[in-house]
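Top to bottom, those sequences are chains A and B. Residues in the first sequence are numbered from 1 upward in steps of one, following our numbering. Residues in the second sequence are numbered from 1 upward in steps of one, following our numbering.
Honestly, the hints are just simulated from the structure, not real lab data. Even glycine gets a Cβ: it sits at the ideal position worked out from N, Cα and C. Keep in mind that the hints are not guaranteed to be accurate.
[To be verified] Calculated pairs, SDA-like style, for lysine to any residue (alpha carbon to alpha carbon, straight line, at most 25 angstroms):
1) 558(A) x 481(A)
2) 308(A) x 29(B)
3) 67(B) x 37(B)
4) 505(A) x 9(B)
[What the hints assert, rightly or not] Away from chain B, derived, C-beta distances all over 10 angstroms, residues of chain A:
5) 94
6) 118
7) 179
8) 297
9) 447
10) 535
11) 572
12) 576
13) 586
[Unchecked claim] Simulated restraints, written as ranges between beta carbons of each label pair:
14) 327(A) x 78(B): 24 to 34 angstroms
15) 472(A) x 77(B): 25 to 35 angstroms
16) 10(A) x 22(B): 42 to 52 angstroms
17) 76(B) x 472(A): 21 to 31 angstroms
18) 571(A) x 19(B): 51 to 61 angstroms
19) 19(B) x 114(A): 51 to 61 angstroms
20) 11(B) x 319(A): 54 to 64 angstroms
21) 24(B) x 501(A): 15 to 25 angstroms
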Amino acid sequence: MAIRNIARRQFDAVVVGAGGSGLRAALQLAESNLKVAVLSKVFPTRSHTVAAQGGVSASLGNEEPDNWHWHMYDTVKGSDYLGDQDAIEFMCRKACDAVVELEHYGMPFDRLDNGKIYQRPFGGHTSNYGERAIKRACAAADRTGHAMLHTLYQRNVRARTQFFVEWMALDLIRNQQGDVLGVVALEMETGEVMILQAKATLLATGGAGRIYSASTNAFINTGDGLGMAARAGIPLEDMEFWQFHPTGVAGAGVLITEGVRGEGGFLLNKNGERFMERYAPTVKDLASRDVVSRAMATEIKEGRGAGKDGEYILLKLDHLGADVIDKRLPGIREIAKKFANVDPATDPIPVVPTCHYQMGGVPTNVQGQAVMPNGKGGEKIVRGLYAAGECACVSVHGANRLGTNSLLDLLVFGKSAGEQVVKDIAADVNAMPDLPDDAADKTMARLARLDSAASGERVSDVGGEMRRTMQLHCGVFRFPDGLTDGVSKMLAVAERAKSTYIQDKSKVFNTARVEALELDNLIEVALSTMISAEARKESRGAHDRSDHPNRDDVNWMKHTLWFKEGNRLEYKPVQLKPMTVESFEPKARVY
Amino acid sequence: MRFQIYRYNPDVDSKPRMQYYDVAMEPTDRMLLDALVRIKVEDDTFSFRRSCREGVCGSDAMNINGKNGLACITKLAD
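Extracted from the complex, chain A is given alone in its bound form (with noise of 0.2 angstroms):
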């Protein structure tokens, strides 16, 4: 369909999402008289953010001496040395100016009795370099992220930012020369379509742990950043690398924050044994979370697990006292009575590690902008688009993820690609480029046939499959059959997500239509984990095989970048080299 029958709008900027990341960013942008629209599935305050728990990182040294090379140590060894130094020195950097930033707009810290940020310990981090575990995790209770959002958006709303609400975006437009002009975009309440052109695209979207059949995630996350960007012919990186959180409710997927373990909880097995001093003698239920999940999921594939049929682990926290846990710990003292039937003041929760958070992503440089390899052994820019947050991968996190590192992750990262944005669009005196004729093609087509199948595959039954496969094929521990098997099962499901079909034609706010739509993404983001995940003959962070159980610091210190065109791989080196410091060289990883 030729776009000139399609509405349009222009924009300097559009950014898609407004969960931490977008919102951040479109504050930078606010203050820069520039004409921004930020898109957003649901009204802003319900983006996923909002359920973070346990805190936002920043060697504030508010009870105990801290600094900030400290915290990349840490941060570098949690991602067992796959994240890019020289991207980690820049976050550390920038924590305790992004956190008191914060501060400044408003967030309601939890507080000292002088007054400074209330910091507790959490997983992974460590004063002077390993030796023992630091209070660094800036918190508002149990709560932060809720905090943390509503802070943003309220000072979005002071900014006037205007906000396209139920919006989906379905597609990115690019040009013949590669470069992004938009996006073509649904307006939920409407059924409508419309371009959105822009001189920059700002990919906020976070992540996709629907994919796996327990997750901590929303229903919203769906990786539609991802798909776009697959689609548009721009490598993911990394997506073999997901975090299973060690401590979801068992049965229900709820998250329970590591704060818990950070105020002093613990787990056991079921002989009432504290069994991570086996495993990380220092820290123990302090190490990071890839080590806590296997140690977990050791414990009851070797029948030491709790319950009926020994299934989970039990989170100890009685020991803290109930005004400790409802002053520090409020949020999931009422998720666990409502999702596990335990009062955590007298029980403990049954937990089993949930996949929780991509380490993987849309490729970016520290200033937000999106690369992919430019097919003479380096990189290049791709002109008009940036990612922040869950969706970007930068990359600090590596092959695992360090707590309170993701709320940080936002706040440093969508301040940098907002700066970025508002520097490219001044450096560019040209007019917006033209928008090619087929600029809306590909996703007219995809609504088209959702619009006139009159039978096929329900969606449900697709996603399913999808996700019991991944459960399956690509969890806590890998295995290489069930990593080929993976591989050729998520191709039959991608030719089956080819067919949906959805009863439900209207127009107005129709969420079948919706949900098809995000199947495609999740397909994306699911053959890419497959993919990526069996070509990885090592074992490093949250990825562990049985047939190679070691890291492999020869053959594997790289990055993996998937292609959905031919579902080709490519790799790139690690940056090991930090802005200013030293590196930190490569060492076993112990807790």
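Chain A is already provided as a structure; the job is to place chain B on it using the hints.
Leaving out everything else, chain B in the frame of chain A:
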């Protein structure tokens, strides 16, 4: 379980109407949201807002048996 839901399709209805649904529930279904998701699988014209499914985002606020609440933390047993 039988559910009575107030529905409206602007393309078709002149005003909102009540509709009955009978849903076979599984033992793992605990909350009202679980039932609504099951209804949607059978009748995909049934639309409602939902996101976090843990009671923290507010998307699935609705009037339930006369009281306003969040579907994801309203127990089916109640």
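A cut-off of 10 angstroms on Cβ-Cβ distance, and residue 572(A) was said to be off the interface with chain B. Does that hold?
holds (35 angstroms)
Kindly confirm whether 42 to 52 angstroms is satisfied by the beta carbon distance between residue 10(A) and residue 22(B).
holds (50 angstroms)
Per the stated criterion, does the least C-beta distance between residue 586(A) and chain B lie above 10 angstroms, as a non-interface residue requires?
holds (38 angstroms)
If you check the beta carbons of residue 76(B) and residue 472(A), does the distance land in 21 to 31 angstroms?
holds (29 angstroms)
Residue 571(A) paired with residue 19(B), Cβ distance criterion 51 to 61 angstroms:
Holds - the Cβ-Cβ distance for residue 571(A) and residue 19(B), about 54 angstroms, lies within 51 to 61 angstroms.
Is the gap between the beta carbons of residue 327(A) and residue 78(B) within 24 to 34 angstroms?
holds (29 angstroms)
Once the closest CB in chain B is found, is it more than 10 angstroms from residue 297(A)?
The claim holds: residue 297(A) sits with its nearest Cβ about 21 angstroms from chain B, beyond 10 angstroms.
Please confirm whether residue 576(A) is truly not at the interface, meaning its C-beta sits more than 10 angstroms away from all C-beta atoms of chain B.
holds (38 angstroms)
Within 25 angstroms, alpha carbon to alpha carbon, are residue 558(A) and residue 481(A)?
holds (24 angstroms)
Range first: 54 to 64 angstroms. Now tell me if the beta carbons of residue 11(B) and residue 319(A) are that far apart.
Hint holds: Cβ distance 59 angstroms, inside 54 to 64 angstroms.
May I ask you to check that residue 118(A) keeps its beta-carbon over 10 angstroms from the closest beta-carbon of chain B?
holds (20 angstroms)
Say whether it holds or is violated: residue 535(A) keeps its Cβ farther than 10 angstroms from all Cβ of chain B.
holds (33 angstroms)
Hint compliance for this structure: no hint is broken.
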